[in-house]
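Colleague: Spelled out from the first residue to the last, the chains are:
2 protein chains.
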Amino acid sequence: MEYPSLLIERAVEAISKFPGIGKKTALRLVLHMLKQPENFTSDLSLALRDLRENIKYCTICHIIADTEDCTCRNAYRDTSAICVVEDTPDVLAIRSTGQYNGLFHVLGGRISPVDGIGPENVNIGSLINRVKSDDQVKEIILALSTTMEGDTTSFYITRLLKEENVKVTTIARGIPVGSELEFADEVTLGRSIATRTIFNQD
Amino acid sequence: MEYPSLLIERAVEAISKFPGIGKKTALRLVLHMLKQPENFTSDLSLALRDLRENIKYCTICHIIADTEDCTCRNAYRDTSAICVVEDTPDVLAIRSTGQYNGLFHVLGGRISPVDGIGPENVNIGSLINRVKSDDQVKEIILALSTTMEGDTTSFYITRLLKEENVKVTTIARGIPVGSELEFADEVTLGRSIATRTIFNQD
Numbered sequence: 009m010e011y012p013s014l015l016i017e018r019a020v021e022a023i024s025k026f027p028g029i030g031k032k033t034a035l036r037l038v039l040h041m042l043k044q045p046e047n048f049t050s051d052l053s054l055a056l057r058d059l060r061e062n063i064k065y066c067t068i069c070h071i072i073a074d075t076e077d078c079t080c081r082n083a084y085r086d087t088s089a090i091c092v093v094e095d096t097p098d099v100l101a102i103r104s105t106g107q108y109n110g111l112f113h114v115l116g117g118r119i120s121p122v123d124g125i126g127p128e129n130v131n132i133g134s135l136i137n138r139v140k141s142d143d144q145v146k147e148i149i150l151a152l153s154t155t156m157e158g159d160t161t162s163f164y165i166t167r168l169l170k171e172e173n174v175k176v177t178t179i180a181r182g183i184p185v186g187s188e189l190e191f192a193d194e195v196t197l198g199r200s201i202a203t204r205t206i207f208n209q210d
Numbered sequence: 009m010e011y012p013s014l015l016i017e018r019a020v021e022a023i024s025k026f027p028g029i030g031k032k033t034a035l036r037l038v039l040h041m042l043k044q045p046e047n048f049t050s051d052l053s054l055a056l057r058d059l060r061e062n063i064k065y066c067t068i069c070h071i072i073a074d075t076e077d078c079t080c081r082n083a084y085r086d087t088s089a090i091c092v093v094e095d096t097p098d099v100l101a102i103r104s105t106g107q108y109n110g111l112f113h114v115l116g117g118r119i120s121p122v123d124g125i126g127p128e129n130v131n132i133g134s135l136i137n138r139v140k141s142d143d144q145v146k147e148i149i150l151a152l153s154t155t156m157e158g159d160t161t162s163f164y165i166t167r168l169l170k171e172e173n174v175k176v177t178t179i180a181r182g183i184p185v186g187s188e189l190e191f192a193d194e195v196t197l198g199r200s201i202a203t204r205t206i207f208n209q210d
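Taken in sequence, the protein lines are chains A and B.
Per my numbering, residue 9 is the first one in the first sequence, and the count goes up by one each step.
Per my numbering, residue 9 is the first one in the second sequence, and the count goes up by one each step.
I should point out that these hints are in silico values taken from the structure, not numbers from a laboratory.
Just so you know, same-sequence chains aren't split out, so a pair can sit in one copy or run between any two.
Pairs of lysine to aspartate or glutamate, DMTMM-like flavour, derived with a Cα cap of 20 angstroms:
| no. | residue 1 | residue 2 |
| --- | --- | --- |
| 1 | K64 | D95 |
| 2 | K43 | E61 |
| 3 | K25 | E10 |
| 4 | K31 | D98 |
| 5 | K170 | D143 |
| 6 | K146 | E171 |
| 7 | K146 | D86 |
| 8 | K32 | E21 |
| 9 | K31 | E21 |
| 10 | K31 | D58 |
| 11 | K175 | E147 |
| 12 | K32 | E94 |
| 13 | K43 | E94 |
| 14 | K64 | E94 |
| 15 | K32 | E17 |
| 16 | K64 | E46 |
| 17 | K170 | E128 |
| 18 | K43 | D58 |
| 19 | K43 | D98 |
| 20 | K32 | D98 |
| 21 | K43 | D95 |
The following block holds chain A by itself, in its conformation from the complex (with noise of 0.2 angstroms):
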């Protein structure tokens, strides 16, 4: 596309570069952008400076913070369990399902030879020293994408786990809540009758 504006040109490039972005809404967004008053877009672009210029990462949980020290010593929490996720959304997530009130560990990624991530890459070191260093820990939940990447980062865990003295878990896969049998996959509603459970009546 030939655009009107080098500087136009300069800011969809930018803008486009982030996934799931083309460069048409890219050209919309800059161009609801321009129609805006000026603070809208110093806002933006001091909040987006700031955020990655000032950012830390929990140096034990690996949680995105805005200090090294995040809310995972809050007191309240339930210091017994430790749920291992890939990245900082699916902390939010769990969090928000209002049914695990425990520690979080943040692996940045997932073990994926093909793109050269290997274990060293993800934070599985500092996860396996908490549980050594921490007696009061006694479950690990892995909570990863059941994914090859993310079935090979659990089987890496638990196998470093062995010799320590926690239990490893997994969480459930199985049908949605909501969804119809008849429109499973064969390998989810095989895993769900493998792995059923006793049925609750409250």
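For chain A, the structure is supplied; the task is to place chain B on it using the hints.
Modeller: Leaving out everything else, chain B in the frame of chain A:
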């Protein structure tokens, strides 16, 4: 949603002010940004601020440009026709068809009494002056949207130009190329019959 960091929250708020971008998408974009090198963010932030502060609108055709003197005075353009559009993306769309090499005039909106936008809020006055002061202009091509507001704007401009020595035309409304008649709506099909043209055997 409960964010793990105030910095994240501020960035998400700023990004989700764009049309079509919700908080979930904004969070995804922000987390993507954090995984990129630092210059990804600084480039983006600079490009947006630069654009907002230094962008100009051509004083003649009102197209967004780097200077107040855009390419509309380019010697290679056909200066006998002015195509009137609502916004800059329309100019890009028409240019990219390769079917039009004439001048443009960007209204910057359309008359919409419901939204409090009167003829004085769009660049209609300057269009009339342009026609009055330039003898070379022989045709005004209205390329506005086929909505109530677009049609109102077209009627208004046509009435103002009645006394001037220019032909006022509008782009054809009809069945899109490649689509089936049976799926066309009645109004469009009716218009395409009423404004039928000589079949061209080229």
